[in-house]
Structure formats: structure tokens, C-alpha cells
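Sequence order for the protein chains is A and B.
Residue numbers for the first sequence, in this note's numbering: 1 to 208.
Residue numbers for the second sequence, in this note's numbering: 209 to 658.
Calculated directly from the structure, the hints in this document are not laboratory data.
Quick caveat, the model's predicted, so the values are computed rather than measured.
There may be inaccurate statements among the hints.
Here are the simulated lysine to any residue pairs, SDA-like style, with alpha carbons at most 20 Å apart [stated by the list, open to error]:
{"id": "1", "chain 1": "B", "residue 1": "Lys358", "chain 2": "A", "residue 2": "Pro178"}
{"id": "2", "chain 1": "B", "residue 1": "Lys552", "chain 2": "A", "residue 2": "Val184"}
{"id": "3", "chain 1": "A", "residue 1": "Lys70", "chain 2": "B", "residue 2": "Lys552"}
{"id": "4", "chain 1": "B", "residue 1": "Lys358", "chain 2": "A", "residue 2": "Lys70"}
{"id": "5", "chain 1": "B", "residue 1": "Lys247", "chain 2": "A", "residue 2": "Gly197"}
{"id": "6", "chain 1": "B", "residue 1": "Lys358", "chain 2": "A", "residue 2": "Val194"}
{"id": "7", "chain 1": "B", "residue 1": "Lys358", "chain 2": "A", "residue 2": "Leu60"}
{"id": "8", "chain 1": "B", "residue 1": "Lys570", "chain 2": "A", "residue 2": "Gly120"}
{"id": "9", "chain 1": "B", "residue 1": "Lys358", "chain 2": "A", "residue 2": "Met17"}
{"id": "10", "chain 1": "B", "residue 1": "Lys557", "chain 2": "A", "residue 2": "Gly61"}
{"id": "11", "chain 1": "B", "residue 1": "Lys358", "chain 2": "A", "residue 2": "Gly120"}
{"id": "12", "chain 1": "B", "residue 1": "Lys557", "chain 2": "A", "residue 2": "Tyr66"}
{"id": "13", "chain 1": "B", "residue 1": "Lys247", "chain 2": "A", "residue 2": "His141"}
{"id": "14", "chain 1": "B", "residue 1": "Lys257", "chain 2": "A", "residue 2": "Asp198"}
{"id": "15", "chain 1": "B", "residue 1": "Lys358", "chain 2": "A", "residue 2": "Arg180"}
{"id": "16", "chain 1": "B", "residue 1": "Lys552", "chain 2": "A", "residue 2": "Glu107"}
{"id": "17", "chain 1": "B", "residue 1": "Lys552", "chain 2": "A", "residue 2": "Glu119"}
{"id": "18", "chain 1": "B", "residue 1": "Lys557", "chain 2": "A", "residue 2": "Arg180"}
{"id": "19", "chain 1": "B", "residue 1": "Lys552", "chain 2": "A", "residue 2": "Ser64"}
In case you want the letters, here they are:
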Amino acid sequence: MARLTAENEALAREIIMRYPVARSALIPLCHLAQEQDGYLTEEAMQHIGELLGLEAAEVLGTASFYEMFKRHPVGKYLVNVCTSISCLLSGGDELLEHAQSSLGIAEGGTTDDGLFTLEGYECIAACTEAPCLQVNYRYFHRITHDEFDALVDDLRAGRRDGIPPHGTLQRVRQRISPDRVAGVVRPDDTTQPVWVGDTAALQDSPTT
Amino acid sequence: MITDAQPIITARFGFDDSYTLDRFLATGGYEGLRAALRKAPQQVGDDVKAASLLGRGGAGFPAGVKWGFTPAGVWPRYLVVNGDESEPGTYKDRMLMERDPHQLIEGILIACYAVGLGQAFLYVRGEMALAQERIAQALNDAYAAGYVGKNILGTDFSVDIVLTWGAGAYIVGEETGLIESLEGQRGMPRLKPPYFPAAIGLYQKPTIVNNIETLSNLPWIALNGGGAFAALGAETSTGMRMFAVSGHVNNPGVYEVEFGVTTFRDLIEAPIYCGGVRNGKRLKAFIPGGASAPWFFEEHLDLPLEAGAVGKAGSMLGSGAIVVMDEDTDVVRACHRIVRFFAKESCGKCTPCREGTSWLEKILARILEGEGRPEDVDMLLDICDNISPGINWPPRQTTICPLGPSAVSPIASAVSRFRGEFEAYVGGPVVTTVQLTGAAYRAPAEVSNA
Numbered sequence: 001m002a003r004l005t006a007e008n009e010a011l012a013r014e015i016i017m018r019y020p021v022a023r024s025a026l027i028p029l030c031h032l033a034q035e036q037d038g039y040l041t042e043e044a045m046q047h048i049g050e051l052l053g054l055e056a057a058e059v060l061g062t063a064s065f066y067e068m069f070k071r072h073p074v075g076k077y078l079v080n081v082c083t084s085i086s087c088l089l090s091g092g093d094e095l096l097e098h099a100q101s102s103l104g105i106a107e108g109g110t111t112d113d114g115l116f117t118l119e120g121y122e123c124i125a126a127c128t129e130a131p132c133l134q135v136n137y138r139y140f141h142r143i144t145h146d147e148f149d150a151l152v153d154d155l156r157a158g159r160r161d162g163i164p165p166h167g168t169l170q171r172v173r174q175r176i177s178p179d180r181v182a183g184v185v186r187p188d189d190t191t192q193p194v195w196v197g198d199t200a201a202l203q204d205s206p207t208t
Numbered sequence: 209m210i211t212d213a214q215p216i217i218t219a220r221f222g223f224d225d226s227y228t229l230d231r232f233l234a235t236g237g238y239e240g241l242r243a244a245l246r247k248a249p250q251q252v253g254d255d256v257k258a259a260s261l262l263g264r265g266g267a268g269f270p271a272g273v274k275w276g277f278t279p280a281g282v283w284p285r286y287l288v289v290n291g292d293e294s295e296p297g298t299y300k301d302r303m304l305m306e307r308d309p310h311q312l313i314e315g316i317l318i319a320c321y322a323v324g325l326g327q328a329f330l331y332v333r334g335e336m337a338l339a340q341e342r343i344a345q346a347l348n349d350a351y352a353a354g355y356v357g358k359n360i361l362g363t364d365f366s367v368d369i370v371l372t373w374g375a376g377a378y379i380v381g382e383e384t385g386l387i388e389s390l391e392g393q394r395g396m397p398r399l400k401p402p403y404f405p406a407a408i409g410l411y412q413k414p415t416i417v418n419n420i421e422t423l424s425n426l427p428w429i430a431l432n433g434g435g436a437f438a439a440l441g442a443e444t445s446t447g448m449r450m451f452a453v454s455g456h457v458n459n460p461g462v463y464e465v466e467f468g469v470t471t472f473r474d475l476i477e478a479p480i481y482c483g484g485v486r487n488g489k490r491l492k493a494f495i496p497g498g499a500s501a502p503w504f505f506e507e508h509l510d511l512p513l514e515a516g517a518v519g520k521a522g523s524m525l526g527s528g529a530i531v532v533m534d535e536d537t538d539v540v541r542a543c544h545r546i547v548r549f550f551a552k553e554s555c556g557k558c559t560p561c562r563e564g565t566s567w568l569e570k571i572l573a574r575i576l577e578g579e580g581r582p583e584d585v586d587m588l589l590d591i592c593d594n595i596s597p598g599i600n601w602p603p604r605q606t607t608i609c610p611l612g613p614s615a616v617s618p619i620a621s622a623v624s625r626f627r628g629e630f631e632a633y634v635g636g637p638v639v640t641t642v643q644l645t646g647a648a649y650r651a652p653a654e655v656s657n658a
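Put together the whole structure using the sequences plus the hints.
Dropping the structure here:
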């Protein structure tokens with residue numbers, strides 16, 4: 001697997017069409033490639049460059065800035081344990097330590113079976129639910145060490161359908177049907193929007 | 209003061225299906241949009257101005273005034289919705305996106321209508337998969353039902369809302385960094401001036417960048433009027449506001465309270481909110497507005513959650529994130545943890561921040577490891593002074609954006625208040641003899657905000 005499949009290329013073209021400038025689709029397309037392969041391959045970046053009219057190096061130049069894009073294979077389940085300030089105060093460090101010994105890997109490592117990659121992570125916006133973690137960016141709040149072990153067991157046994165493999169973020173995609181689309185507004189389109197003026201758009205009388 | 213004001217934007221949170229179109233419509237959903245479309249766009253904008261709705265993202269700039277900065281007669285204009293919530297301690301935009309996506313969509317539509325914004329881009333933080341899915345579903349449903357897209361509610365008002373998402377970079381929460389990211393670039397902030405988004409934003413066109421919580425308030429304002437909103441809260445901090453209280457309290461949580469009148473003590477101690485510091489411990493310090501904010505202490509508890517009062521006392525409400533530390537907290541460790549965040553997230557564009565935050569982190573790390581030297585605390589302050597000359601509040605900056613100065617806040621707070629704890633780590637008295645820089649640097653306050 002490397003370049004986008006025909007199906008994903010069609011999806012990529014649909015995404016590009018939503019933006020006034022094609023390059024704006026760069027990050028969504030990198031996510032699409034990562035969803036396909038589990039990480040962002042050089043061939044996929046080449047392909048994305050072709051779709052956007054960019055060099056592969058320009059795609060890499062942007063992608064390498066963002067830490068969610070993995071340029072090497074990671075485990076099927078990426079476990080991010082939050083150790084930012086609120087979690088530090090409520091057992092985040094201890095949870096990360098437990099996760100390391102439980103999985104038998106150091107922070108940043110991947111288990112031999114390729115199932116788990118463990119990362120200490122910065123704030124994931126669940127501060128009132130500390131300590132917290134994400135598996136493939138799905139949340140687990142106020143998690144105890146026992147709950148962590150049970151979660152790992154479940155994932156090993158394939159009992160967690162709600163967590164897709166690493167790379168898949170959105171299981172629901174935005175789709176804009178041709179009969180409902182308002183249309184992209186290009187930067188060089190200097191016409192005033194039709195609704196802007198001194199009159200109300202809706203002329204009915206209030207029902208309430 | 210604890211008031212009985214009813215929640216505005218979290219009103220649907222009690223329903224398990226609060227994120228569905230059915231529930232939304234059954235609870236007054238899209239009525240605010242209807243009310244707005246029955247007025248001329250300018251009137252809708254005037255109403256938001258009358259509401260004095262302060263931006264809820266961090267900077268706290270009035271939304272209606274921001275809208276007014278778009279140059280007259282210049283088209284197209286864009287809306288960029290900032291859903292890149294990442295400030296440590298902050299947890300409220302994610303909740304609004306996951307639990308009431310239609311309310312947000314309705315707010316986006318009202319903003320687009322009022323300001324003549326031709327297309328909207330809803331940028332959700334990359335790590336928030338559920339929020340992305342809920343918004344995708346909500347948008348698909350709202351498009352199908354005629355609330356978004358072409359000829360909304362049968363009128364000539366047409367606008368697309370495009371769901372877009374990041375890939376892990378705190379700096380993208382800064383509005384110009386967000387725009388860079390949305391243009392497919394590394395999320396490095398732009399210099400202001402000239403790149404104030406309202407004038408030169410996305411694709412170099414006038415662009416409004418608004419926060420999730422800010423926009424989520426618009427349906428209520430459109431329906432009930434700006435005056436009704438302004439009647440809530442304090443004169444300078446109107447309406448209701450969400451605060452996430454985390455750390456060492458009995459009931460950490462996100463609470464929507466009347467803005468400007470509720471005090472820190474109310475929120476931290478009242479049984480209906482956090483119920484006091486955990487395990488009967490004493491309060492040591494608290495962060496009043498996200499990791500970037502200077503810390504507050506016991507003597508600040510009775511301050512109202514009001515932007516002006518908190519600013520005068522030397523900090524900010526920022527992103528509505530309160531982090532409570534009890535008497536047993538190792539403040540050196542807490543300080544390091546916050547600085548580590550900014551060191552990791554520095555985009556690398558400006559030298560004082562790129563080098564400074566990473567040196568601050570390294571020095572704090574060696575202090576924690578017992579390798580600190582007595583002069584280290586002096587050196588921390590010296591580096592802070594290079595990033596934010598004078599180490600004052602509001603901070604001066606030698607950098608394009610405020611990320612660098614944000615790393616100064618915890619150090620300035622912890623060193624000035626808990627010098628003895630640093631001394632204990634470095635094994636000797638800490639002498640602070642650093643000559644702080646004067647006013648030779650450009651201060652943000654001296655730059656016009658238009």
C-alpha cells in the first residue's frame with residue numbers, strides 16, 4: 001500500500017473541491033493517507049502532491065510539522081497518556097508508569113506484536129476527567145490502573161469495536177450533495193454576497 | 209456570588225441525544241437562525257455588539273467589535289472557526305462540539321449572515337475524533353434539512369460550512385497559525401500588523417476567526433436580543449461563561465456560570481460546584497485561565513470571574529481553565545510541566561521562544577533531577593526576561609505570538625511566591641539579582657488592534 005487507492009483518490013478529489021485553494025486540503029488528505037496505510041508513506045505524499053499540484057517535499061514540509069502524522073509504522077493502537085498539568089496533579093505520571101510496565105515498553109516504544117505504541121502526551125482537553133488517555137484519539141476518562149489493564153486485554157482480544165485501527169479518525173465523513181452545495185468562494189471572487197443589504201432574508205412573519 | 213441564572217450554551221447537555229438534529233429541533237434549535245434571518249444583516253451584527261459578547265478563546269476581545277474590523281465593501285470574506293482547543297487545563301469547546309454541534313452550526317450561520325462571510329471553515333483539533341464525527345453527522349443532517357448550504361430556509365442566504373481538522377499542534381490555536389494551517393502550511397503565526405485576520409486573513413482576504421464557545425452563544429443572542437445577554441453578568445463581562453475546574457478539588461468539572469459576578473471561591477468551594485479542595489487540604493495556588501496565565505493564590509479567591517478585575521490583579525481568565533493545586537503540590541514540578549508544554553509546542557519561528565522555552569525546560573528538568581545550581585533560578589529569570597522583557601503583566605514580547613511569554617507565567621509565579629522550594633532543590637539560597645530589561649522592546653499594547 002502506498003499511493004491512494006482509486007476509492008480514496010475519488011474521496012480526495014471530493015475534499016479538494018470544497019476548498020477555494022487546493023492546498024488547503026493538504027492536511028485532510030494526509031489524514032486520508034494515514035487512514036489507508038496506518039501511517040503516512042512517502043508514496044502517499046507523492047500522490048497527494050500530484051493531486052494538489054505540489055512537490056512531495058512540500059507535502060512533507062507541512063506534514064512533518066504536525067505530530068499526529070507518523071512517517072513510520074506505529075502500533076495498531078496508539079495509546080496517548082496525558083501528563084500535562086491537570087493530569088500531573090491527578091495521577092497522570094503514575095498512569096504512564098503503569099502503562100509502561102503493563103505493556104512492557106518504554107514511552108515511545110511499540111510492543112513486539114505491533115499492537116500498541118505508547119506515548120506520553122500533552123493536554124488532550126479532558127482536564128476535569130484526569131487522569132485520562134486516548135487510544136487512537138478515543139477518550140478514556142478517570143482511568144484506574146486496573147481499568148487500563150482491562151482495556152489492554154480487551155484490545156488484545158478484539159473486544160473494542162468502537163476503536164478503529166490507528167489512522168482512522170472520522171468514521172462519519174462530511175458529504176455535501178450537489179443539490180445542496182452553496183459553492184466555494186474563491187479569493188478572486190469580489191462580488192458582494194447577495195444577502196448583504198438593508199433587507200431581511202426571511203420575510204415570513206414569526207410563528208412564535 | 210452564586211446566581212440562579214440559567215445555562216445558555218450547556219442547556220441541552222442533560223439529554224443523552226443532545227447532539228442529534230431531532231433533539232435540537234425539539235428544544236428550540238435553529239429558531240435563533242430564523243430570528244436572525246428576519247432581520248437585516250447589520251441589525252444582527254448590532255445585536256451582537258449590544259451583547260458585548262467577549263471572545264471565549266483566550267484573548268477576550270469583543271466579538272461584535274472584531275466583526276466590525278472587516279474593511280467595508282471588500283469581498284470575499286471568510287469565517288474560520290477555531291476549534292483547536294489545546295491550552296492545558298481547558299476543556300469546554302470539545303464538550304460543545306461533541307454535545308451540541310447543531311448549536312455551533314447555528315452560531316456559524318448567524319455570524320456568516322451578519323458579516324457577509326461567504327464560506328466558513330470549521331477547524332477542529334486533530335485529536336478530537338468524536339467531535340469531528342459528531343460535527344460531520346450534524347452538518348450532513350443540517351445540509352439535508354435545508355439549514356446549511358444553498359438557499360438556507362428558502363432564502364437567498366447561502367453558505368457552505370466545511371469541516372476541516374488539524375493534526376496535532378498547539379500553536380494552530382493562535383488565529384494566524386490556524387489560518388496558515390488551513391492554507392496547508394506549517395502552523396506558524398504571522399506578524400501583526402499587518403496580518404490582522406479581519407483585514408488580511410485566509411488567502412489574504414478579510415477573515416473572522418471566532419472561538420467555538422463564542423459562536424455557540426449567538427443563537428441565544430439572536431433569539432433573546434443582545435440586551436438580554438448584556439443584562440446577565442457584569443457590565444464588562446456579560447452573559448454566561450463556561451469554566452473547567454480541574455486539579456485538586458472534590459468535584460472537578462465544567463460549569464457554566466454567570467460571567468463577572470461568580471467568584472473563584474464560589475466555583476472552587478461551593479458544594480454545587482467543586483466542593484472545595486480535595487481531602488480537606490489547604491489551597492496552595494491556582495491557575496485562573498489556562499497554562500499561559502500567571503498563578504493566583506488564596507488572597508485572590510474572592511475576585512469575581514471578571515476579565516477586568518482578574519487583569520488588574522495580574523493574570524487573565526484566558527480560556528476559562530482553572531487548575532487548583534493543594535498544599536502538597538510540588539510547585540517546581542508543576543512549573544516544569546507547564547514550561548515543558550510550551551517548549552514542545554514552540555513552532556520555532558522566533559528565536560527567543562524557540563531557544564528560550566527549551567532552555568527553561570532543560571534548566572527546570574535538571575533542578576528536578578537534583579542537578580540544579582544555585583544560580584539556576586537567576587538564569588531562569590534572565591531567560592524569561594529575554595522572552596518577555598521586564599516580566600510584567602500583561603507581558604511584553606520579543607516574539608510574533610504570545611506562546612513564548614506564556615512559558616514565563618508559571619516561572620514568574622512560582623519563583624516569586626515559592627522561592628524556598630527552588631532553594632531546597634538546588635541546595636542553597638537563591639539570589640535573584642537579574643537586571644530586568646526596561647521598555648526597549650515592542651509591547652503588544654502599543655500595537656493597534658485594528
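Now the hints, each set against the structure:
1. Of the pairs offered as hints, the one joining lysine 358/B and proline 178/A holds, with about 10 Å between alpha carbons and a cut-off of 20 Å not exceeded.
2. Proximity of lysine 552/B to valine 184/A is assessed by CA-CA distance (about 36 Å); at most 20 Å being required, the pair is judged violated.
3. Using a Cα cut-off of 20 Å, the hinted pair lysine 70/A and lysine 552/B holds, with the two alpha carbons roughly 17 Å apart.
4. Among the hinted pairs, lysine 358/B with lysine 70/A is inconsistent with the structure: their alpha-carbon atoms are about 38 Å apart, more than 20 Å.
5. With a CA separation close to 10 Å, the supplied pair lysine 247/B and glycine 197/A stays within the 20 Å bound.
6. Taking the CA atoms of lysine 358/B and valine 194/A, the gap is near 12 Å; set against the 20 Å cutoff, the hint holds.
7. A distance of roughly 36 Å separates the Cα atoms of lysine 358/B and leucine 60/A; the hinted pair therefore is violated under the 20 Å criterion.
8. With a C-alpha separation of about 18 Å, the suggested pairing of lysine 570/B with glycine 120/A holds against the 20 Å cut-off.
9. Proposed proximity of lysine 358/B and methionine 17/A is supported: the alpha carbons are some 16 Å apart, at most 20 Å.
10. Annotation: proposed proximity of lysine 557/B to glycine 61/A holds, straight-line Cα distance about 14 Å (limit 20 Å).
11. For a cut-off of 20 Å, the pair hint linking lysine 358/B to glycine 120/A is broken: about 45 Å separates their Cα positions.
12. Between lysine 557/B and tyrosine 66/A the CA atoms are separated by roughly 15 Å; this keeps the pair inside 20 Å, and the hint holds.
13. In summary, the hint linking lysine 247/B to histidine 141/A is not supported, as the alpha carbons are separated by about 44 Å, beyond the 20 Å threshold.
14. A threshold of 20 Å between alpha carbons decides the hint, and for lysine 257/B with aspartate 198/A the separation of about 18 Å falls inside it, so the pair holds.
15. Pair hint lysine 358/B plus arginine 180/A holds up; C-alpha atoms about 5 Å apart against a cutoff of 20 Å.
16. Restraint check: the Cα-Cα separation between lysine 552/B and glutamate 107/A comes to about 16 Å, which is no more than 20 Å; the hinted pair holds.
17. Pair hint lysine 552/B plus glutamate 119/A holds up; C-alpha atoms about 14 Å apart against a cutoff of 20 Å.
18. A threshold of 20 Å between alpha carbons decides the hint, and for lysine 557/B with arginine 180/A the separation of about 41 Å lies outside it, so the pair is violated.
19. A distance of roughly 14 Å separates the Cα atoms of lysine 552/B and serine 64/A; the hinted pair therefore holds under the 20 Å criterion.
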